[in-house]
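Keeping their order, the protein sequence lines are chains Y and Z. Okay, so the first sequence: first residue is 1 according to my numbering, each after it adds one. Okay, so the second sequence: first residue is 1001 according to my numbering, each after it adds one.
The set of hints was computed from the structure by calculation and includes no laboratory data. Beta carbons: idealized from backbone N, C-alpha and C, even for Gly. Take the hints with a grain of salt, since some may be wrong.
[Claimed, not checked] Non-contacting residues of chain Z with respect to chain Y, defined by C-beta distances greater than 12 Å in every case (computed):
{"hint": "1", "residue": "Ala-1223"}
{"hint": "2", "residue": "Glu-1242"}
{"hint": "3", "residue": "Thr-1356"}
{"hint": "4", "residue": "Leu-1396"}
[To be verified] In the DSSO-like style, the derived pairs of lysine-lysine whose C-alpha atoms are separated by at most 30 Å in a straight line are:
{"hint": "5", "chain 1": "Y", "residue 1": "Lys-41", "chain 2": "Z", "residue 2": "Lys-1074"}
{"hint": "6", "chain 1": "Z", "residue 1": "Lys-1332", "chain 2": "Z", "residue 2": "Lys-1105"}
{"hint": "7", "chain 1": "Y", "residue 1": "Lys-41", "chain 2": "Z", "residue 2": "Lys-1041"}
{"hint": "8", "chain 1": "Z", "residue 1": "Lys-1332", "chain 2": "Y", "residue 2": "Lys-346"}
[Claimed, not checked] Covered stretches of chain Z (in silico footprint by chain Y; criterion: 3 or more residues with CB under 8 Å from a CB of chain Y, positions within the stretch not fixed):
{"hint": "9", "stretch": "1067-1075"}
{"hint": "10", "stretch": "1080-1089"}
{"hint": "11", "stretch": "1104-1113"}
Number of protein chains: 2
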Amino acid sequence: MTLPFTIEAQSGTGRLGRISTAHGDVETPAFMPVGTAGTVKAVSQDILEELGAQIILGNTYHLYLRPGHELVRKMGGLHKFMSWNRALLTDSGGFQVFSLSELRKVTEEGVSFRSHLDGTSHLFTPERSMEIQIALGADIVMAFDECTEHPAERERARQSMEMTLRWAKRSKEYFEAHKHECPWTESGLRVIGTSGHRESQNPPSAQPRAAAVHDPGFSELPATPALFGIVQGGMYGDLRRESAERTVELDFPGYAIGGLSVGESREKTMEMIARALDVLPRDKPRYVMGVGYPEEIVQYAAMGVDMMDCVLPTRAARHGLLFTSAGRMNIKNARYAQDQQPPDPKCGCRVCSRYTRAYLRHLFVSAEPLAAVLNTVHNLAFYLDTMRAVRHAIKLGDLSGMRSGSVSLA
Amino acid sequence: MTLPFTIEAQSGTGRLGRISTAHGDVETPAFMPVGTAGTVKAVSQDILEELGAQIILGNTYHLYLRPGHELVRKMGGLHKFMSWNRALLTDSGGFQVFSLSELRKVTEEGVSFRSHLDGTSHLFTPERSMEIQIALGADIVMAFDECTEHPAERERARQSMEMTLRWAKRSKEYFEAHKHECPWTESGLRVIGTSGHRESQNPPSAQPRAAAVHDPGFSELPATPALFGIVQGGMYGDLRRESAERTVELDFPGYAIGGLSVGESREKTMEMIARALDVLPRDKPRYVMGVGYPEEIVQYAAMGVDMMDCVLPTRAARHGLLFTSAGRMNIKNARYAQDQQPPDPKCGCRVCSRYTRAYLRHLFVSAEPLAAVLNTVHNLAFYLDTMRAVRHAIKLGDLSGMRSGSVSLA
Chain Y
1 MTLPFTIEAQ
11 SGTGRLGRIS
21 TAHGDVETPA
31 FMPVGTAGTV
41 KAVSQDILEE
51 LGAQIILGNT
61 YHLYLRPGHE
71 LVRKMGGLHK
81 FMSWNRALLT
91 DSGGFQVFSL
101 SELRKVTEEG
111 VSFRSHLDGT
121 SHLFTPERSM
131 EIQIALGADI
141 VMAFDECTEH
151 PAERERARQS
161 MEMTLRWAKR
171 SKEYFEAHKH
181 ECPWTESGLR
191 VIGTSGHRES
201 QNPPSAQPRA
211 AAVHDPGFSE
221 LPATPALFGI
231 VQGGMYGDLR
241 RESAERTVEL
251 DFPGYAIGGL
261 SVGESREKTM
271 EMIARALDVL
281 PRDKPRYVMG
291 VGYPEEIVQY
301 AAMGVDMMDC
311 VLPTRAARHG
321 LLFTSAGRMN
331 IKNARYAQDQ
341 QPPDPKCGCR
351 VCSRYTRAYL
361 RHLFVSAEPL
371 AAVLNTVHNL
381 AFYLDTMRAV
391 RHAIKLGDLS
401 GMRSGSVSLA
Chain Z
1001 MTLPFTIEAQ
1011 SGTGRLGRIS
1021 TAHGDVETPA
1031 FMPVGTAGTV
1041 KAVSQDILEE
1051 LGAQIILGNT
1061 YHLYLRPGHE
1071 LVRKMGGLHK
1081 FMSWNRALLT
1091 DSGGFQVFSL
1101 SELRKVTEEG
1111 VSFRSHLDGT
1121 SHLFTPERSM
1131 EIQIALGADI
1141 VMAFDECTEH
1151 PAERERARQS
1161 MEMTLRWAKR
1171 SKEYFEAHKH
1181 ECPWTESGLR
1191 VIGTSGHRES
1201 QNPPSAQPRA
1211 AAVHDPGFSE
1221 LPATPALFGI
1231 VQGGMYGDLR
1241 RESAERTVEL
1251 DFPGYAIGGL
1261 SVGESREKTM
1271 EMIARALDVL
1281 PRDKPRYVMG
1291 VGYPEEIVQY
1301 AAMGVDMMDC
1311 VLPTRAARHG
1321 LLFTSAGRMN
1331 IKNARYAQDQ
1341 QPPDPKCGCR
1351 VCSRYTRAYL
1361 RHLFVSAEPL
1371 AAVLNTVHNL
1381 AFYLDTMRAV
1391 RHAIKLGDLS
1401 GMRSGSVSLA
């Protein structure tokens, strides 16, 4: 099996699952912190491990521009380069090409654009995106799609969806022919271990930390990355359904729902997800890209979504917005200047067990680097703990009892 | 005894010592990381503990302006506010008033200045500085001195030194009358514990983590902060000697040598330190403020200096300069772009045992927040490990065998 996925329990439409990757298991529903340029901003890899992150996301667009996929390949792939021994997922670069670069031109071939860093010209095609992602060597890579702009007329949404399907086919063809060129497949062994600490002073090598050859389950682990297809279709339920059906026909080990959280209402997001879920196979992971607020990720997990990613917890943290069990908190607010309570009295993370709101506020208004660190650690803990609670509730068959605070404190 | 200080071993003029504070012991010679505004930039308190920092420095000028000493006092003092349960030292604010603020005017009374933050007017006097430092509640506080500018003519250096002596006397008078107002003295108990993790969800309290009343050595621990005097005298050896003699006449539990590392040659720095050390009592800690490079701190420790502080390891880190056993390394240099070695193959810190030069370079050139974190952790590890090695060498009676790399790699 390309990407082993086991459903271990269900509660309503929610599922407790487990994806087995060559770099460890991923319990689902999972929230994936975004490690844009090979780093989850302000948070070191050991802290991510401690928080329980089992999979993080890398952005192909950013890594391609800097430091470059060939350099990362030479370093042994993204896992080795950033010293992350757990699962990695890379997006295709499509979204950032549209949102970050300038002077972009879309043709059937692909998207030509200028780098937002230095203005140099580049061309992303399905084949190029696959080549880059294979060089980076994530466990899960994404088909190169077109993110339909919002709003979009029906005919425009259809045309865009059709091109995404043609690009998905090209992505798969190239991927199947080249996936074995991934930097970690030569060893064919599973890299086991929750920490990246080297046991000697030697330079990092391709040696896995434990010989998995004796593991009876060894032969079932992926020997190459897995490619997911992406459902588009704008804000049209019937197009979403059709996109899902036709993407399934191409047969991928997992399916994402893209082009959402681009300005539409929460109701519309849910509706588009539901239309796609009606059709996507239940025995493969379903991944909604780019969501969401704490209450959203709980809701989508209950609907049967298995994976989600979003910059929200990390970006909000750097802007002083904390997510807590009592709702959102703008830590820079003067009301916290002398507040000796922990940020979230119900949170057990390293930040809440040690620091006060007053101190975090001081750090933030003083523009101290530690503000970003601590705020981010807490927000990620909140998101990852929330998903852990969801998984636990599904296991107990009581997902309807879960609720995530959505009242704003400030 | 105001501040118990025990010399446990000697090697030449170097001494292995131990200062007992109400917030834990400080092994000397010690290097004190600078936590300017109540935070060592980019590094959380648990990492500082892990690195073995036993004492850090807070800047009175910065904390007075923001968040304000009265707020910190209300929070229970700086230890509680920043959740640092080990020793703290605050400087008097004198240096920053001269180097950071604008429109400052010095009179016999003190220094009036405008805040660099918002231009508001303030007046620092010896009494005011003591009041602020007592409110912050560090274990060791510094007399309010005038940092003689460099260069300075002999007569100017003398006048400045004389004022520092008058201000030292005023500092001590106010301090002795008010030191019991320090926020942690009410409990009179030693706060024991190397971590700040709260065992419950209650707000931080003044309760120490262990009742020290059963500790037979309990009655010897300081019940209030300790005030150190500061030797000035510019770059004139005879003035340095006189300043030291007359500061000792005022009788402090420890003595600092200030006004150095302001542009003079390394030889001059050493000469001025030596002239003061000739006279300062051997049974009390000697603290050189604002130094230095790795080879310097080893050298001064060998001369008999017990404490040092400097922003160099932390500030250099944020500028991409790493200190290693093979010398200085500018991590942004292109030569490291594909270098898979650890930053310092001889360093056992969390950074060197996990990350490569290539990755650190990527983080730095990408202006990632993690760059400051990892670079700072390594540099502090290097400095603290260096001092640990010095202490060990003194214990073995072999300080002359110590050497710190000073060759620049880039």
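- Task: Please name the hints from earlier in the document that this structure breaks, with their numbers sorted from lowest to highest.
- Result: Hints 3, 5, 6, 8, 11 are the ones this structure does not satisfy, whereas the remaining hints hold.
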